[in-house]
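Chain residues, written in single-letter form:
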Amino acid sequence: RKEVEQDPGPFNVPEGATVAFNCTYSNSASQSFFWYRQDCRKEPKLLMSVYSSGNEDGRFTAQLNRASQYISLLIRDSKLSDSATYLCVVILNSGGYQKVTFGTGTKLQVIP
Amino acid sequence: DVKVTQSSRYLVKRTGEKVFLECVQDMDHENMFWYRQDPGLGLRLIYFSYDVKMKEKGDIPEGYSVSREKKERFSLILESASTSQTSMYLCASSSPSGGGTEAFFGQGTRLTVV
Numbered sequence: 001r002k003e004v005e006q007d008p009g010p011f012n013v014p015e016g017a018t019v020a021f022n023c024t025y026s027n028s029a030s031q032s033f034f035w036y037r038q039d040c041r042k043e044p045k046l047l048m049s050v051y052s053s054g055n056e057d058g059r060f061t062a063q064l065n066r067a068s069q070y071i072s073l074l075i076r077d078s079k080l081s082d083s084a085t086y087l088c089v090v091i092l093n094s095g096g097y098q099k100v101t102f103g104t105g106t107k108l109q110v111i112p
Numbered sequence: 113d114v115k116v117t118q119s120s121r122y123l124v125k126r127t128g129e130k131v132f133l134e135c136v137q138d139m140d141h142e143n144m145f146w147y148r149q150d151p152g153l154g155l156r157l158i159y160f161s162y163d164v165k166m167k168e169k170g171d172i173p174e175g176y177s178v179s180r181e182k183k184e185r186f187s188l189i190l191e192s193a194s195t196s197q198t199s200m201y202l203c204a205s206s207s208p209s210g211g212g213t214e215a216f217f218g219q220g221t222r223l224t225v226v
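Here the protein sequences come in this chain order: A and B.
Per this note's numbering, residue 1 is the first one in the first sequence, and the count goes up by one each step.
Per this note's numbering, residue 113 is the first one in the second sequence, and the count goes up by one each step.
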């Protein structure tokens, strides 16, 4: 089983739609979780952290479910500019160092 | 402004050549990582380092080695380049303080092995 798994998509949604991505992780000892965004031919950049209590940043909501070992990202009122690949990131702290594992990414295409 | 710099944006090398990819960060981060990114496979961890002269294998270390002689520099070495190593290579750094922090990426090196 992969350490971090995502549906690769693509998700093709109309402008204004709500879309959700899930990401599952296999190591229950994982401690930190993030969503990154990667535009075509660019490096990944941090979108938002994911907290146990859930967190919101404008149209974006991130959730963590430790019992089921998944994180989610909800995008409301999709904009054309949201088109990108969204990568979930799981961090495991072990012996004083971090192992940072990325999912394969979910491609989102917002259509006019 | 934080910065992770990779030495080349594009490289073309011949099969069998020894290839060095350099990465430098100016944030005094302890952790540094090398990934490769391929269509449909996403980002895969090759090696990472949590301290000077320390290194750990990631998920796909075969055919690669690394060097971390100074805190700010993490080098990826392809001992004998093969066409299967044609890929986008991304370097990242992070700090373990606070239990997990943002990883910053370089702009990537697109390597073609012919």
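Treat each hint with caution, since some may be false.
The calculated DSSO-like cross-link candidates involving lysine-lysine, where the alpha carbons are at most 27 Å apart (straight line), are [unchecked claim]: (1) B:Lys-115 with B:Lys-167; (2) A:Lys-42 with B:Lys-115; (3) A:Lys-2 with A:Lys-42; (4) A:Lys-45 with A:Lys-79; (5) B:Lys-169 with B:Lys-130; (6) B:Lys-182 with B:Lys-165; (7) B:Lys-125 with B:Lys-167; (8) B:Lys-167 with B:Lys-182; (9) B:Lys-165 with B:Lys-183; (10) B:Lys-115 with B:Lys-182; (11) B:Lys-182 with B:Lys-169; (12) B:Lys-130 with A:Lys-45; (13) A:Lys-2 with A:Lys-79; (14) B:Lys-183 with B:Lys-115; (15) B:Lys-165 with B:Lys-115; (16) B:Lys-130 with B:Lys-167; (17) B:Lys-165 with B:Lys-130; (18) A:Lys-45 with A:Lys-107; (19) A:Lys-2 with B:Lys-115; (20) A:Lys-107 with B:Lys-183; (21) A:Lys-2 with A:Lys-107; (22) B:Lys-125 with A:Lys-2; (23) B:Lys-167 with A:Lys-45; (24) B:Lys-169 with B:Lys-125; (25) A:Lys-79 with A:Lys-42; (26) A:Lys-79 with A:Lys-107; (27) B:Lys-169 with A:Lys-45; (28) B:Lys-183 with A:Lys-2; (29) B:Lys-115 with B:Lys-169; (30) B:Lys-125 with A:Lys-42; (31) A:Lys-42 with B:Lys-169; (32) B:Lys-183 with A:Lys-45; (33) B:Lys-169 with B:Lys-183.
These are computed hints drawn from the structure, not numbers from a lab.
What you are looking at is a predicted structure, and each value in this text was computed from that prediction instead of being measured.
Each hint, compared with the structure:
For a cut-off of 27 Å, the pair hint linking Lys-115 (chain B) to Lys-167 (chain B) stands: about 22 Å separates their Cα positions. Taking the CA atoms of Lys-42 (chain A) and Lys-115 (chain B), the gap is near 15 Å; set against the 27 Å cutoff, the hint holds. In summary, the hint linking Lys-2 (chain A) to Lys-42 (chain A) is supported, as the alpha carbons are separated by about 25 Å, within the 27 Å threshold. Only pairs whose Cα atoms come within 27 Å are accepted, and Lys-45 (chain A) paired with Lys-79 (chain A) is accepted, the gap being roughly 18 Å.
The suggested pairing of Lys-169 (chain B) with Lys-130 (chain B) holds, with an alpha-carbon distance near 20 Å, which does not exceed 27 Å. The suggested pairing of Lys-182 (chain B) with Lys-165 (chain B) holds, with an alpha-carbon distance near 8 Å, which does not exceed 27 Å. For the proposed pair Lys-125 (chain B) and Lys-167 (chain B), the alpha carbon gap of about 25 Å is at most 27 Å, so the pair holds. Between Lys-167 (chain B) and Lys-182 (chain B), the direct Cα distance comes to roughly 12 Å. Compliance with the 27 Å bound is thereby established for this hinted pair.
In summary, the hint linking Lys-165 (chain B) to Lys-183 (chain B) is supported, as the alpha carbons are separated by about 9 Å, within the 27 Å threshold. The suggested pairing of Lys-115 (chain B) with Lys-182 (chain B) holds, with an alpha-carbon distance near 16 Å, which does not exceed 27 Å. A threshold of 27 Å between alpha carbons decides the hint, and for Lys-182 (chain B) with Lys-169 (chain B) the separation of about 19 Å falls inside it, so the pair holds. In summary, the hint linking Lys-130 (chain B) to Lys-45 (chain A) is not supported, as the alpha carbons are separated by about 30 Å, beyond the 27 Å threshold.
Restraint check: the Cα-Cα separation between Lys-2 (chain A) and Lys-79 (chain A) comes to about 31 Å, which exceeds 27 Å; the hinted pair is violated. Note on Lys-183 (chain B) and Lys-115 (chain B): the hinted pairing holds, with a Cα-Cα distance of about 14 Å set against a maximum of 27 Å. With a C-alpha separation of about 22 Å, the suggested pairing of Lys-165 (chain B) with Lys-115 (chain B) holds against the 27 Å cut-off. Taken as a hint, the Lys-130 (chain B) and Lys-167 (chain B) pair is honoured in the structure, with Cα atoms around 20 Å apart against an allowance of 27 Å.
Between Lys-165 (chain B) and Lys-130 (chain B) the CA atoms are separated by roughly 21 Å; this keeps the pair inside 27 Å, and the hint holds. For the suggested pair Lys-45 (chain A) and Lys-107 (chain A), the alpha carbons sit about 15 Å apart, so the restraint of at most 27 Å is met. Between Lys-2 (chain A) and Lys-115 (chain B) the CA atoms are separated by roughly 30 Å; this puts the pair beyond 27 Å, and the hint is violated. For a cut-off of 27 Å, the pair hint linking Lys-107 (chain A) to Lys-183 (chain B) is broken: about 35 Å separates their Cα positions.
For the hint pairing Lys-2 (chain A) with Lys-107 (chain A), the CA-to-CA distance comes to about 19 Å; that is within 27 Å, so the pair holds. With a CA separation close to 31 Å, the supplied pair Lys-125 (chain B) and Lys-2 (chain A) exceeds the 27 Å bound. The hinted pair formed by Lys-167 (chain B) and Lys-45 (chain A) meets the criterion: a straight-line CA distance of about 24 Å does not exceed 27 Å. Between Lys-169 (chain B) and Lys-125 (chain B) the CA atoms are separated by roughly 24 Å; this keeps the pair inside 27 Å, and the hint holds.
As the CA atoms of Lys-79 (chain A) and Lys-42 (chain A) are separated by approximately 19 Å, the hinted pair is consistent with the 27 Å bound. The straight-line distance between the Cα atoms of Lys-79 (chain A) and Lys-107 (chain A) is roughly 14 Å, inside the 27 Å bound, and the hint therefore holds. As the CA atoms of Lys-169 (chain B) and Lys-45 (chain A) are separated by approximately 24 Å, the hinted pair is consistent with the 27 Å bound. Our distance criterion of 27 Å between C-alpha atoms is broken by Lys-183 (chain B) and Lys-2 (chain A), whose separation comes to about 30 Å.
Note on Lys-115 (chain B) and Lys-169 (chain B): the hinted pairing holds, with a Cα-Cα distance of about 24 Å set against a maximum of 27 Å. The hinted pair formed by Lys-125 (chain B) and Lys-42 (chain A) meets the criterion: a straight-line CA distance of about 22 Å does not exceed 27 Å. For the hint linking Lys-42 (chain A) to Lys-169 (chain B), the alpha-carbon distance of about 25 Å falls within 27 Å, and the restraint holds. A C-alpha spacing of about 22 Å is found between Lys-183 (chain B) and Lys-45 (chain A), which places the hinted pair at or below 27 Å, so the restraint holds.
A threshold of 27 Å between alpha carbons decides the hint, and for Lys-169 (chain B) with Lys-183 (chain B) the separation of about 18 Å falls inside it, so the pair holds.
Of the numbered hints stated above, those contradicted by the structure are hints 12, 13, 19, 20, 22, 28, listed in ascending order.
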